[in-house]
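Colleague: Just so you know, the protein sequences line up as chains A and B, in that order.
Quick note on the working numbering: the first sequence kicks off at 1 and runs consecutively.
Quick note on the working numbering: the second sequence kicks off at 1 and runs consecutively.
Worth flagging that the hints you see were computed from the coordinates, not collected in a lab.
The structure displayed is predicted, hence computed values, not measured ones.
Some clues are possibly wrong.
Every beta carbon over 12 Å from chain A, so not counted as near; a handful from chain B, in silico [said to hold, decoys possible]: (1) 56; (2) 153; (3) 155; (4) 174; (5) 204; (6) 218; (7) 221; (8) 224; (9) 225; (10) 229; (11) 259; (12) 285; (13) 324; (14) 325.
Each computed DSS-like pair below joins lysine-lysine, with the alpha-carbon atoms no more than 27 Å apart [claimed, not checked]: (15) B/233 <-> B/222; (16) B/177 <-> A/346; (17) B/222 <-> A/346.
Every residue gets a Cβ at the ideal spot worked out from N, C-alpha and C, and that includes glycine.
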Amino acid sequence: MPRDNQDDLILEIRNMSKSFGQIHALRGVQFELRRGEIHAVAGENGAGKSTLMNIIDGILRADEGTIRLDGQEVDITSPAVAQELGIGFVHQEIALCPDITVAENIFMGATSTSRRTLMNYADIERKASQILRPLGDIDPSALVRSLSISQQQLVEIAKALTLDCRVLILDEPTAALTEREAKALFEIVHALAAQGISIIYISHRMVEIFESCDRVTVLRDGQYIKTMTVADTTPREVVSAMVGRVIDSLYPEKQRADERSDEIILEVRNLTEKTRFRDISFQLRKGEILGLAGLIGAGRSEIAKGVCRLGLDVTGEVVLTGRRLALRDYGDSIEQGIVYLSEDRKGDGLFLDMSIAANVSALDLRQIAGGLGIIDESREADLASGLADQLGLKHGHVRQPVSALSGGNQQKVAIAKMLSVNPKVIFLDEPTRGVDVGAKAEIHRILRELVRSGVGIVVISSELPELIGVCDRVLVVREGEIAGEVAGDEMTEEMIIYLASVGQDRRRNS
Amino acid sequence: MSEGKNMATTGATAPFRPRQGAGPADIVRRLLRMRETGLVLIILALFLVMSFASPYFLTWVNMRAMAMAFAVEGIVVVGMTILLISGGIDLSVGSVTALAMVIAGLLFLAGVDPWIASAISIAACASIGAGMGFFVTRVGLHHFIVSLAVMVIARGLCLLGTGGRPLGLYTLPPEFKFIGQGSIGVIPVVIVVFVVVVVAFDFMLRRTTMFRKVFYTGSNEKAAAYSGIRTKKVVFLTTTLCSALCGVAGIIYMARFGSAQPTFGIGMELNVIAAAVIGGASLSGGTGTIFGAILGAILLSVVSSSLALLDVSVYWQDIIRGSILLSAVTIDHYLNKRRG
Numbered sequence: 001m002p003r004d005n006q007d008d009l010i011l012e013i014r015n016m017s018k019s020f021g022q023i024h025a026l027r028g029v030q031f032e033l034r035r036g037e038i039h040a041v042a043g044e045n046g047a048g049k050s051t052l053m054n055i056i057d058g059i060l061r062a063d064e065g066t067i068r069l070d071g072q073e074v075d076i077t078s079p080a081v082a083q084e085l086g087i088g089f090v091h092q093e094i095a096l097c098p099d100i101t102v103a104e105n106i107f108m109g110a111t112s113t114s115r116r117t118l119m120n121y122a123d124i125e126r127k128a129s130q131i132l133r134p135l136g137d138i139d140p141s142a143l144v145r146s147l148s149i150s151q152q153q154l155v156e157i158a159k160a161l162t163l164d165c166r167v168l169i170l171d172e173p174t175a176a177l178t179e180r181e182a183k184a185l186f187e188i189v190h191a192l193a194a195q196g197i198s199i200i201y202i203s204h205r206m207v208e209i210f211e212s213c214d215r216v217t218v219l220r221d222g223q224y225i226k227t228m229t230v231a232d233t234t235p236r237e238v239v240s241a242m243v244g245r246v247i248d249s250l251y252p253e254k255q256r257a258d259e260r261s262d263e264i265i266l267e268v269r270n271l272t273e274k275t276r277f278r279d280i281s282f283q284l285r286k287g288e289i290l291g292l293a294g295l296i297g298a299g300r301s302e303i304a305k306g307v308c309r310l311g312l313d314v315t316g317e318v319v320l321t322g323r324r325l326a327l328r329d330y331g332d333s334i335e336q337g338i339v340y341l342s343e344d345r346k347g348d349g350l351f352l353d354m355s356i357a358a359n360v361s362a363l364d365l366r367q368i369a370g371g372l373g374i375i376d377e378s379r380e381a382d383l384a385s386g387l388a389d390q391l392g393l394k395h396g397h398v399r400q401p402v403s404a405l406s407g408g409n410q411q412k413v414a415i416a417k418m419l420s421v422n423p424k425v426i427f428l429d430e431p432t433r434g435v436d437v438g439a440k441a442e443i444h445r446i447l448r449e450l451v452r453s454g455v456g457i458v459v460i461s462s463e464l465p466e467l468i469g470v471c472d473r474v475l476v477v478r479e480g481e482i483a484g485e486v487a488g489d490e491m492t493e494e495m496i497i498y499l500a501s502v503g504q505d506r507r508r509n510s
Numbered sequence: 001m002s003e004g005k006n007m008a009t010t011g012a013t014a015p016f017r018p019r020q021g022a023g024p025a026d027i028v029r030r031l032l033r034m035r036e037t038g039l040v041l042i043i044l045a046l047f048l049v050m051s052f053a054s055p056y057f058l059t060w061v062n063m064r065a066m067a068m069a070f071a072v073e074g075i076v077v078v079g080m081t082i083l084l085i086s087g088g089i090d091l092s093v094g095s096v097t098a099l100a101m102v103i104a105g106l107l108f109l110a111g112v113d114p115w116i117a118s119a120i121s122i123a124a125c126a127s128i129g130a131g132m133g134f135f136v137t138r139v140g141l142h143h144f145i146v147s148l149a150v151m152v153i154a155r156g157l158c159l160l161g162t163g164g165r166p167l168g169l170y171t172l173p174p175e176f177k178f179i180g181q182g183s184i185g186v187i188p189v190v191i192v193v194f195v196v197v198v199v200a201f202d203f204m205l206r207r208t209t210m211f212r213k214v215f216y217t218g219s220n221e222k223a224a225a226y227s228g229i230r231t232k233k234v235v236f237l238t239t240t241l242c243s244a245l246c247g248v249a250g251i252i253y254m255a256r257f258g259s260a261q262p263t264f265g266i267g268m269e270l271n272v273i274a275a276a277v278i279g280g281a282s283l284s285g286g287t288g289t290i291f292g293a294i295l296g297a298i299l300l301s302v303v304s305s306s307l308a309l310l311d312v313s314v315y316w317q318d319i320i321r322g323s324i325l326l327s328a329v330t331i332d333h334y335l336n337k338r339r340g
């Protein structure tokens, strides 16, 4: 690790650890930030980046470890303390008040610590315009609601700058920006660095790291891996450091050669939505589990919801077992046998306060009802307990509320809900999120069994080992388009991350 | 780890494995856990205490008066409960009930047959509900605000139509008055209508696919949409149904009073919502039963009647009713917390 500019360290973190219950979010992590540098922090989802940044900003307290700022050991107990020390944090999500002016938003932090009773609006607008001038053309008296997302992002940065910060943390600031806006943002970031402000830049995108940053520190599974000078490394090396994990045999056996088939269950042609994705075409063959990979926000879930007409207006064709479908809404899609398992089990997947049986039957009540739409409770209970047995759901009684179950068993209820309509194709969005290891392996086994029984399965996951372990073929989505496809030996984490973040298919170049 | 915890919490119900086969012990246990059981016990206790405290309490006349007092309002409670389950609320029930009387009364005075006048009036109330449903589901406003506005508008229409004075409907034919004043044997017709409405809707709410969707929508509107349920349609229909039932109640009141009273039903929404909530409906939707809500209405009515018999000042009665509501909701809140 380079040690030449030792004196010029503004922030120095040693041996930082943090646990949440039994999960070690950080284990003995170190990090050094030089004055005036742009330092990228990279790592997969769950690597510990956010935890580390939240500790630096005082949102979380570390269990162990020291933070030195300008050589002084500091105890950052709250975001207010971080502000006083000159640490600014621009969060990934925009957190501005939409109905007040830009100037008032920018000085929100300053106002709360001011001793004056009355606001001097003229004064804050004047100051705000000074801060905003180098950032772009934003009227300080405009309401935040009237600004574009990228302008709001700039207001967030301006807000951090009012606090006279020495260290500025940017958490995926370009996630919501267009390419041109992102370029403009980088010019500003460079100007800030030239003024001596040190920048911590969190990003998944290799392009940004290699175009704009000086050094990059990689975290993995809560541990420090290494810090590299960007000029001396390659995207491939950074990606390997991010991944560097051996896939164990937690996963069920894959598709056997004799199970390969040319029979197409689902074909999607030129599926396009106004802003989220365009020109998506793919085929799902009988007997395979297809994966959809990509960064968060790349449009994976949206594509799945688009196919099912779940709250999205799309153009393009969906062909199910050779028949072109004319779907109007998700109800039609369910009827045709295409269902979507939501990534947010608690938010929109399940009715937590209702019973297992009532959850399982929600997609199609007709099958448990007699004439006149009267529900046959014993048929409903049989439907639920039959699927519960098939999925190995551990439960007391099918009339028990779902909220009493563990995460893994709740997920099985959600899957049972999908299976209740004998679907032809299931899209599973993050099927094992928040599920413990045992239940995870079981869910993977269930997916393989379903495929063998002829159901088409598409899995969306942010966990690359899962995609590689479970899927027979993976499509990589980047910014609303399919950036590439990997299968067989090519299906490596490196390749998927490369396609997801760099975007062009490297195989065509070399 | 979470697996182990789960085993512990489900341990209590573990003896009853998947099959629905409910042994007598199971039924007793389920009964004891039901909120309705608690309400019945409280009402019985009140009966017991009151029968000693006042010699008039357990008389046929008093029982009949109490039943008449909540029976018509009980029809509105049914509509409100279903609406609450779907995640909505309606503050306009009192005004719309009065408006039903006024519309039917004016039509009758204009020479329309009272039955036809009633049907038109109920249809008018249903369309008021449909209008509220439109503003809630299509425009995207909150039930509270929309129904608050309609509460004021409907009351204004009542006063406008009548000049603020009750309409005497002395020429109502006896067969029409029968639905409000008559008896079948010893049972007043009002009670019969009420029981039919309650039993029918209680059954439908528990057992039909149509009303199951009401529970799904109120429990988690997004999850319902993610299950292919057209949630806006559900909310639109429950809003319409609640106003239509107000119309039915208004017609029965008119037959009972033999007049249309433009100022009738002020404050009714509070009583009705309180009854539903005491009976287990949640303002955040997804839970509630008709039976429970009616028990809530009975409880409030028994308390009112008891306080009157004990010569407690009317002012105190409001304070006591409010306190009952507050304690019921507080107890419920803690029970829910413990369960969750």
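Colleague: It remains to establish, for every hint, whether it holds in the given structure.
Modeller: Now for the hints, and whether the structure bears them out:
1. 56: Per Cβ check, residue 56 of chain B is outside 12 Å of chain A; nearest 43 Å; holds.
2. 153: Non-interface label stands for residue 153 of chain B: nearest chain A Cβ at 29 Å, farther than 12 Å.
3. 155: Its Cβ never comes within 12 Å of chain A, the nearest being 33 Å, so this holds.
4. 174: Since the minimum Cβ distance to chain A is about 36 Å, residue 174 of chain B lies beyond 12 Å and the statement holds.
5. 204: violated (9 Å)
6. 218: Not fine: 9 Å to the nearest Cβ puts residue 218 of chain B too close to chain A.
7. 221: Its Cβ does come within 12 Å of chain A, the nearest being 9 Å, so this is violated.
8. 224: violated (7 Å)
9. 225: violated (7 Å)
10. 229: Its Cβ does come within 12 Å of chain A, the nearest being 7 Å, so this is violated.
11. 259: About 40 Å separates residue 259 of chain B from the closest Cβ of chain A, which puts it past 12 Å; holds.
12. 285: violated (10 Å)
13. 324: The assertion about residue 324 of chain B holds, with a minimum of 25 Å to chain A.
14. 325: holds (22 Å)
15. B/233 <-> B/222: holds (14 Å)
16. B/177 <-> A/346: Roughly 53 Å between the alpha carbons, so the hint for residue 177 of chain B and residue 346 of chain A is violated.
17. B/222 <-> A/346: Roughly 10 Å between the alpha carbons, so the hint for residue 222 of chain B and residue 346 of chain A holds.
When each numbered hint is compared with the structure, violations occur for hints 5, 6, 7, 8, 9, 10, 12, 16.
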